[in-house]
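K.L.:
Using the sequences and the accompanying hints, generate a full structural model.
First to last, the sequence lines map onto chains L and G.
Heads up, the first sequence is in full-length UniProt numbering, so the first residue is 1 and it goes up one at a time.
Heads up, the second sequence is in full-length UniProt numbering, so the first residue is 1 and it goes up one at a time.
Hints listed in this document are in silico derivations from the structure and should not be mistaken for laboratory results.
Among the hints, erroneous ones may be present.
25 angstroms max Cα-Cα, derived DSS-like pairs, lysine-lysine [unchecked claim]:
| hint | chain 1 | residue 1 | chain 2 | residue 2 |
| --- | --- | --- | --- | --- |
| 1 | L | Lys191 | L | Lys162 |
| 2 | G | Lys238 | L | Lys59 |
| 3 | L | Lys220 | L | Lys59 |
| 4 | L | Lys162 | G | Lys238 |
| 5 | L | Lys15 | L | Lys220 |
| 6 | L | Lys220 | L | Lys234 |
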Amino acid sequence: MPLLEASGVSKVFGKLTALDGAALTVGENEFHGLIGPNGSGKSTLMKCVAGAEVPTTGKVSFINTDITAFTPTERARAGMSLKFQITSVLPTLTLYDNILLALQAQCSLIDLVFSRTRRALHEQVMTMLTQFRLADRAHDAAATLSHGQQQWLEIAMALAGKPRLLLLDEPTGGMSLEERRVTGELLQPIKQHCSLVIVEHDLDFIRDICDRLTVLDQGKVLASGTVAEIQSNKSVQEIYLRRA
Amino acid sequence: MGGAREALAEVSEGPDVVTGETAPAAVPARWPVPGWNVLPIVEGLVLLIALVLPFVLQDYLTVFATRVVILALFALSFDLVWGYAGIMSFGQALFFGAAGYGVALLARDLNVTSIFLILPAGTLIGLTAALLLGGFLLLGRYPSSVIFVSLGTLTGSYAADRLARGWYYLGGQNGIPSIPPLSLGSIDISEGPVYYYMALGILVVVYLLCRFLVRSQFGLALAGLRENEQRIAFFGYKAQHLKAIVFAIGGTIAGLAGSLYAFHEGFVWPNMLGVVFSTQVVLYVLFGGSGTLIGAVIGTVIIEGVSFWLSDNYRDVWPIILGVLLLLVIMFRPLGLISFVLGERERVGTFGKAPKERR
Chain L
1 MPLLEASGVS KVFGKLTALD GAALTVGENE FHGLIGPNGS GKSTLMKCVA
51 GAEVPTTGKV SFINTDITAF TPTERARAGM SLKFQITSVL PTLTLYDNIL
101 LALQAQCSLI DLVFSRTRRA LHEQVMTMLT QFRLADRAHD AAATLSHGQQ
151 QWLEIAMALA GKPRLLLLDE PTGGMSLEER RVTGELLQPI KQHCSLVIVE
201 HDLDFIRDIC DRLTVLDQGK VLASGTVAEI QSNKSVQEIY LRRA
Chain G
1 MGGAREALAE VSEGPDVVTG ETAPAAVPAR WPVPGWNVLP IVEGLVLLIA
51 LVLPFVLQDY LTVFATRVVI LALFALSFDL VWGYAGIMSF GQALFFGAAG
101 YGVALLARDL NVTSIFLILP AGTLIGLTAA LLLGGFLLLG RYPSSVIFVS
151 LGTLTGSYAA DRLARGWYYL GGQNGIPSIP PLSLGSIDIS EGPVYYYMAL
201 GILVVVYLLC RFLVRSQFGL ALAGLRENEQ RIAFFGYKAQ HLKAIVFAIG
251 GTIAGLAGSL YAFHEGFVWP NMLGVVFSTQ VVLYVLFGGS GTLIGAVIGT
301 VIIEGVSFWL SDNYRDVWPI ILGVLLLLVI MFRPLGLISF VLGERERVGT
351 FGKAPKERR
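P.N.:
Okay, here's the thing in structure tokens:
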């Protein structure tokens with residue numbers, strides 16, 4: 001049984017059909033790339049999976065549970081996490097507090113009011129900051145980070161709740177080549193405990209880190225398979241050539 | 001996710017949040033921020049002044065100062081709800097006035113004046129009213145919009161005002177006059193220094209409790225809530241529950257303030273429930289600086305003090321002068337007067353355990 005299974009997902013905005021019966025299947029510890037030309041519905045499919053949009057029709061299952069009608073909070077508590085396309089770290093808080101905010105999300109109210117988990121979570125906060133190469137900036141406001149560093153902080157925050165599935169919407173958007181390479185390195189170790197769905201324009205990046213790919217075109221799945229399969233797929237080559 | 005961005009934009013336009021584009025660089029550059037913590041100094045100074053005030057003021061001014069202290073307590077309740085949790089409550093007076101009317105009826109109809117019954121009763125009325133209204137406005141399956149909440153609270157407050165005006169049992173337009181003084185055993189606590197110090201004591205205790213709350217991990221969750229509600233829902237926070245809890249705490253404090261106010265003034269009238277008081281408390285907090293507890297207190301003191309002085313000296317035009325003054329502060333110092341001395345970093349604060357190697 002796959003970790004995530006979305007099938008027949010359609011999303012209609014007024015007269016625009018953004019998704020038309022799209023499907024996405026992600027296994028345990030799998031890095032899955034979601035690619036396709038602009039406007040093909042990648043982000044919309046991602047949002048339907050994450051709960052930021054409610055699909056017009058279709059079904060989303062996660063760890064054998066139908067989560068189609070779950071709110072984002074319920075999805076997060078079920079083990080799903082999302083990194084937004086636009087960085088949404090909390091700019092006025094320090095990096096440390098940004099991570100702590102994400103880590104303490106499922107603490108009880110009493111624990112929060114009496115700050116009972118503050119001490120216990122300290123190690124985890126520093127471990128995450130170190131892992132994402134941000135430890136020396138721990139007490140700076142998140143707004144002072146470079147764009148790339150904000151993306152890393154955001155990924156660290158999305159990982160804080162130890163999700164089983166992480167959805168990354170354009171993690172390398174606006175990054176330099178070097179930053180992209182580091183992002184790939186940072187993502188590798190999480191494979192041991194977490195699957196990944198990644199929407200990305202940078203095909204080299206996708207090819208380097210993903211196991212399987214799903215290609216969308218005009219709201220429909222054009223092809224789905226391993227990276228090698230997709231690379232040799234004629235119709236995929238065609239849509240990318242057509243645009244190039 | 002358009003919703004997320006809209007929500008973020010909406011919140012960012014609020015006076016208490018400055019987004020990354022303007023805040024952290026701009027504020028320290030324009031206003032030198034000292035290396036030490038300003039907040040405890042300001043708090044200590046305000047407390048010191050408050051403690052010696054009855055010794056230097058004439059009696060009628062002590063009565064006025066007592067009223068200001070009680071209103072500052074009311075302002076704290078709104079500051080918690082708006083400045084910390086980002087809930088636009090335009091009807092905070094509903095809880096203030098409902099508690100005021102409630103305890104006035106207890107005194108009038110049941111002869112209850114004991115402080116040990118009156119203050120808990122007022123607090124409970126505030127809490128109950130806030131739970132009911134907050135439950136209705138905030139506890140949906142999906143987050144309710146800022147407009148819905150602000151109009152909902154405004155409507156609640158307005159409806160209560162109309163109800164009080166039209167209901168003979170509540171005294172109609174005139175309200176409930178000549179409430180007997182609050183009692184402690186056989187002693188009456190009437191207006192003057194005793195009432196002043198009692199109100200001040202309550203204000204200090206509530207202030208410290210609020211301070212504890214907003215500096216806790218719960219306070220960090222509130223910071224997340226007001227800056228980006230949708231983001232923290234994706235972390236797994238039950239954002240609506242958090243909001244309803246803070247709203248209820250705000251209602252509780254407003255109820256406490258309302259019952260103190262009713263017994264201090266000796267009467268209650270429909271304005272206490274309505275739009276007038278609801279708006280006033282918004283102004284106190286915006287003027288002083290929302291999202292800082294001391295800002296709410298300072299805002300109340302200055303607005304009330306200035307209107308008192310203006311109404312004495314410029315009998316005809318004082319509301320206009322006050323209005324212009326408020327407008328100027330809100331336009332040029334959207335973070336309130338407190339932002340003249342308080343830097344962005346300290347205002348937001350830190351919540352984590354301070355590591356030893358901290359710079």
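K.L.:
Each hint needs a verdict: does it hold in this structure or not?
P.N.:
Hints and how they fare:
Taken as a hint, the L:Lys191 and L:Lys162 pair is honoured in the structure, with Cα atoms around 12 angstroms apart against an allowance of 25 angstroms. The hinted pair formed by G:Lys238 and L:Lys59 meets the criterion: a straight-line CA distance of about 24 angstroms does not exceed 25 angstroms. For the hint pairing L:Lys220 with L:Lys59, the CA-to-CA distance comes to about 15 angstroms; that is within 25 angstroms, so the pair holds. Restraint check for L:Lys162 and G:Lys238: satisfied, since their Cα atoms lie roughly 18 angstroms apart, inside the 25 angstroms limit.
The straight-line distance between the Cα atoms of L:Lys15 and L:Lys220 is roughly 17 angstroms, inside the 25 angstroms bound, and the hint therefore holds. With a C-alpha separation of about 16 angstroms, the suggested pairing of L:Lys220 with L:Lys234 holds against the 25 angstroms cut-off.
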